[in-house]
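Trainee: With these hints in hand, go ahead and build the complete structure from the sequences.
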Amino acid sequence: MNIIVPVKLVPDLVEEFSIDTSGTALDTAWLRMIINEFDDHAIEQAILLKERTGALVTILSTNVEGVDDLLFAAAAKGADKIIKLNGDIESGINNHALARAMATIIRDLKPDLILTGVQAHNDLDGSIGPQLAEYLGMPYIGYISGVNVSGDKAIVRKEYPGGLIGEMQVSLPALLGIQAAEQPPRYVAISKVRQMMKTVSIEELELSTLDSSGAPIVNRMFQPETGERATMLSENADEAANQLINIFKDLGTL
Amino acid sequence: MNQDIFVAIEHLRGKVSDISYIMLAAARVLAQTTGGKVVAILLGKDAQSLASKFNADTVLYVDHPLLLDFNPEDYQKTLTGIIDEYRPRAVFFGQTTIGMDIVGGISARLGLPLVSSVRTIEADSKLISQICGGKIMAECDLPATTALITLVPGGYKPEQGQSTQSPPVTTIPVQQLDDLRIKLNQYIEPETGDVDISKESLLIAVGRGIQTQDNISLAEELAQAIGGVVCASRPVVDQGWLPTSRLVGKSGSTVKPKIYLAIGISGAPEHVEAITGSDVIIAINTDPAAPIFNIAKYGTTADLFDLVPALTEQIRNIKG
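Sequence order for the protein chains is A and B.
My numbering numbers the first residue of the first sequence as 1 and each following residue consecutively.
My numbering numbers the first residue of the second sequence as 1001 and each following residue consecutively.
These are computed hints drawn from the structure, not numbers from a lab.
Some hints could be false.
[As the list claims (entries may be wrong)] Partner residues aside, some chain B positions facing chain A, computed with beta carbon under 10 Å: (1) M1001; (2) N1002; (3) Q1003; (4) A1123; (5) D1141; (6) S1266; (7) P1309; (8) Q1314; (9) I1315; (10) K1319.
[Unchecked claim] Okay, the calculated bits of chain B under chain A, using three or more residues with CB under 8 Å as the criterion: (11) 1110–1116; (12) 1128–1138; (13) 1245–1252.
Using N, Cα and C, we set each Cβ at its ideal position, and we do this for glycine too.
Mentor: What follows is the structure in structure tokens.
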């Protein structure tokens, strides 16, 4: 079985965000970029399937600064092949453009299953999975938290509100948007990642012309105005504890 | 293209989802600027009665046994056909486990623009999206052709999308729904036997800031001391540190306690939408820019690893 996992980097949400001089995009110059957490789960799910049933796992990402670390980490986890996609991707790529360009490349890789993160926090034109699936002519199911492959079908657990699960069956090839792997993404030692850097070669492919149509044009970005912000208590833990005790007393909890 | 605003209604096991009413409310706002009608699209099997409270000018209803339950493939096929035929000014989808499964495919298939994470509609049909875990807002114009919009909760109340007068329902023909590649086998009910956090009045919620599984005990000790129950945001449950029955958020439970103490939770929209019914939200987070402080009544940037044990100890002293 041939499993492809397209992944991407996103700004780390713990960072302080600011808007660039154009006023229409994030200033990413100083932002720490990390793997989209749902993509990390997609990698884990792919490796789990490989361990269970045997599969060739290929990780695919655009060639942006910092992506090598993520790709070597995936190799250390058990991915068989890693591919970087080159192209004019610094100028603010969106999911529509990426899905179109990636579809051409992925089609040639002849996947049985594509697993990708169900969303990324900076998506503004929908998530990439369903678009990619449509360009590839594959069925798509998202919000998946468990996958089993049996013959030419996958049995998946789709999440609904309130903890309800829909067990669905889908014919392969198919694309699944992963919400959570069946187990947390595994940890790999830095030493193992370093070893991969010496032994694994990253294949590079060229993305075709990027066509952004279908994605919105941003007039402006801004940080949310905080009308009624929280009443801030002390930054000192002991003082804050005292204040909280009083609040709990006022609310009748203590 | 006409000026009408369509809403792709979502329902699950016989109940209309709140997001459907929130979409109807947003659609009404947008329809007032375009001058069109609000049209609800309802797919189902013997489900006309679900439309009774829609604040819509009209309802287009499709009836088919395969539409009894949500299946991304037959929903997408059916809605693609309807949107292609009617070409409304805009179509709302929920930014949900249902809407997000199908809207991207429709955008790709019909070549229609898609704006996601929209929270409010402002003057001149400006769409305001909320991204980056609630830390950034983006303003876009309503795209020039039939626009697909996914809506997050928070901008409008479900009541605004409800009406005491039932709208007229027109049944329209079904697309071909053969050769489906996706099939719903069964629903698996949520785990039971654990506490029902949606009914608890004092919740101690932990998020990514708790850092390790061992640290969950800090929250458990506090909960035990004060008489509350521990719950969590998505990252904690995905790590397997707490069971899914304790998950608060989009695919977990919606809660409405008297006190919601959020420890190390940033306040991403998927989490916030499930806690806005709380009487009092108190947030502990070292990041002063964390969006949780925008909805909390009280907040502190004190380090949780100092504050939570101190708080537990004080409560124990008071309670003896």
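Trainee: Please go over all the hints and tell whether each is borne out by the structure.
Mentor: Do the hints match the structure? See the list:
no.	hint	in the structure
1	M1001	16 Å, violated
2	N1002	21 Å, violated
3	Q1003	20 Å, violated
4	A1123	13 Å, violated
5	D1141	6 Å, holds
6	S1266	6 Å, holds
7	P1309	9 Å, holds
8	Q1314	5 Å, holds
9	I1315	7 Å, holds
10	K1319	8 Å, holds
11	1110–1116	holds (count 6)
12	1128–1138	holds (count 10)
13	1245–1252	holds (count 5)
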